Amino acid sequence: MSGPLLDADRLTKAYGRTIALRGVSLTVSPGEAVGLLGPNGAGKTTTVKILTGLVRPSSGTARLFGHPATDPAARTRLGYLPELFRFPDWMTGAQVVSFHAELAGVSRPDRAARVRAVLEEVGLGARGRDRVSAYSKGMSQRLGLAQAIVGRPELLLLDEPTSALDPVGRRDVRELVSSLKADGVAVVLNSHLLSEVERVCDRVVVIDKGHVKFSGTLDQLTGEGPSLHVTVGRTDEELVPALAEFGRATVSGNDVQVTLGPPWDDVPDEAAEQVAGVVTNGPWGLRGLAVSRASLEDAFVSMVSRGDT
Amino acid sequence: MRLPIVRATLGEAFGRRIVLWGWVSSVLLVALFAVGFVFLYDQISDDESLAATAQRVVIGGVLTILGLYVGSFLSAFLSMMLAAGSVSADVDSGVLQAVVVRPLPRWRWYLERWAGLVTMSVVYVVVLTLAVLLVAHLVSGYQPVSIAALLALLALQVTFLVTVGMLLSCRLSSVATGVVLFLYFGIAWLGGFIGWIGTVAEKTELGTIGTVVSLLAPSDELWKAASSYALPQGLPVGLGTDGSLGLPFLSTLEPSPWFIGWALLLTAALLALGMRAFTRRDL
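Residue numbers (my numbering), protein chains in the order written: chain A, 438 to 746; chain B, 944 to 1226.
Here chain A stands alone, though its shape is the one from the complex:
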């Protein structure tokens, strides 16, 4: 499909007198990972629910794969993990995933193998035969992910996918989402965990009070690209020109801040290796080097606390 997989145009939603959305527009292209950010009550979940056809917008349109979101045909290639969900606790984990595989159209001959593979993928391979009632919150979250991906979706909507997970579980989910993204799956990630969004998403959309306050790359949101913090044994006037090819360098005592410019800002780790080589081969002596990025949290908090739209 050449156009966007997801295209929401000026969505509004009113619940009685409460207006949850005031004209949210959003597009997601194939293979893209988009983070939805916003404070509690901003309208993120309402947006996701409209995109999945769970909620009808008061006005505006939401289309998936070219179909209206309320049309079942729009959801044939969609995977969705709701924010608040439960699975029938009398079923086993494998039965839940198999049930969703059937609903997603996975053929009967392929189903058992697909269910096993997906349970392995989310780390529940050994617990597939246990009843859901015996699952911890983290395991239920993994099961939620398994049902979301069992139909091999091209677009994955994840609403707070790591809210119940421990750090190891979060890392696993991050790696899973990154691997799906690498396979060309487009991802919309609604999360309060900014670090997660930062690591997974190409683009962020900040929603506040029902409005889109920002839509763009992380660098655009934070205002500047990644930088390197270099600590050297000594400095001289040759140091800044030596690092100029990597971006803008400023020296303060034995500390050098290098704000990476193109093309290094896209590959900060590679830039760090190169800078380390330049400094080590010169007379300055490398004492320390760290990659840093302007805090997404700072930019986000600043944006949503400004109150302007």
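Treat the hints as calculated values from the structure; they're not laboratory data. Worth double-checking, as some hints may not be accurate.
[As the list claims (entries may be wrong)] To spell it out: a stretch of chain B is covered by chain A in this simulated footprint if at least three of its residues, at any positions, have a beta carbon under 8 Å from a beta carbon of chain A; those stretches are:
#1 955 to 966
#2 1027 to 1041
#3 1045 to 1058
[Unchecked claim] Short derived list, chain A residues pointing at chain B, Cβ under 10 Å:
#4 Leu-491
#5 Thr-513
#6 Phe-524
#7 Trp-527
#8 Gly-719
[Unchecked claim] Coverage of chain A stretches by chain B, computed from C-beta distances (three or more under 8 Å per stretch; other residues unrestricted):
#9 482 to 490
#10 537 to 544
Just so it is clear, the structure is predicted and the values come from calculations on it, not from any experiment. For every residue, glycine included, the Cβ atom is placed at its ideal position computed from N, Cα and C.
Based on the hints, put chain B in the right spot on chain A.
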């Protein structure tokens, strides 16, 4: 697709042991009925006189219909309980959100869920009714007028209640649905009782009230229609020609085909309304 929601609904009934406990309580009911039936039937004179024969037929009939009445009440209660949380509980718990996002039209989820609940309710009422009739037959040689018509009307009664319950469950919480549904069932019973008083006391106004209530809430009238087919074959001529045997919970009159048609139409309309309401609601 092979009716996944129907299978899930039936699987849930087994998984949650609803089926198990439903049958345990039913076996107890049938056992109790058998003991009572045997005890009371033994009290009747077993001579071959016409009066004694008539007494055996009538007493056997009344006892059997009482057993069926209790069975019908239990089946109605079960169907109402099943329907009360059929939509709202799944919405509130978050079970439904991941399911309806699948490429499955919402009306189809609703229809399959309805079919699953109706299947459970109908199987329950059919088996329970046949068990009561079997006991009555073994003890007294009891033969109802028409088992098929009796079962069909009882099945329609529970189907109607499931349909109303699911429609309410689209809009109300599980508890509110249960309360409203039980009140609705009670109003239907009360309407039937008022109608019976109107018939016996020859008060046209009361009869009209009973008729109107039975059209709006036909569950009690469906039971009465079913009971007319549960009457014993060979009922003495002239008995109950006024529409009753002097009892408010059964009818000796053959039900009007118009009423049966109306009950079917109402059930279909409420099912369609439920599908529409579920398709349009935000989840």
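Verification of the supplied hints:
1. 955 to 966: Holds, because 3 residues of the segment 955 to 966 of chain B bring their Cβ atoms closer than 8 Å to Cβ atoms of chain A.
2. 1027 to 1041: holds (count 5)
3. 1045 to 1058: With 4 residues closer than 8 Å to chain A, the segment 1045 to 1058 of chain B meets the three-residue bar; holds.
4. Leu-491: Result: holds, 4 Å to nearest chain B Cβ.
5. Thr-513: The hint holds - Thr-513 (chain A) has a Cβ within 10 Å of chain B, the shortest such distance being about 4 Å.
6. Phe-524: holds, 7 Å
7. Trp-527: holds, 3 Å
8. Gly-719: At 58 Å from the nearest chain B Cβ, Gly-719 (chain A) fails the 10 Å test, so the hint is violated.
9. 482 to 490: holds (count 3)
10. 537 to 544: Since three or more residues must qualify, the claim that chain B covers the segment 537 to 544 of chain A holds, with 5 doing so at under 8 Å.
In this structure, only the earlier hint numbered 8 is contradicted, and the remaining ones agree with it.
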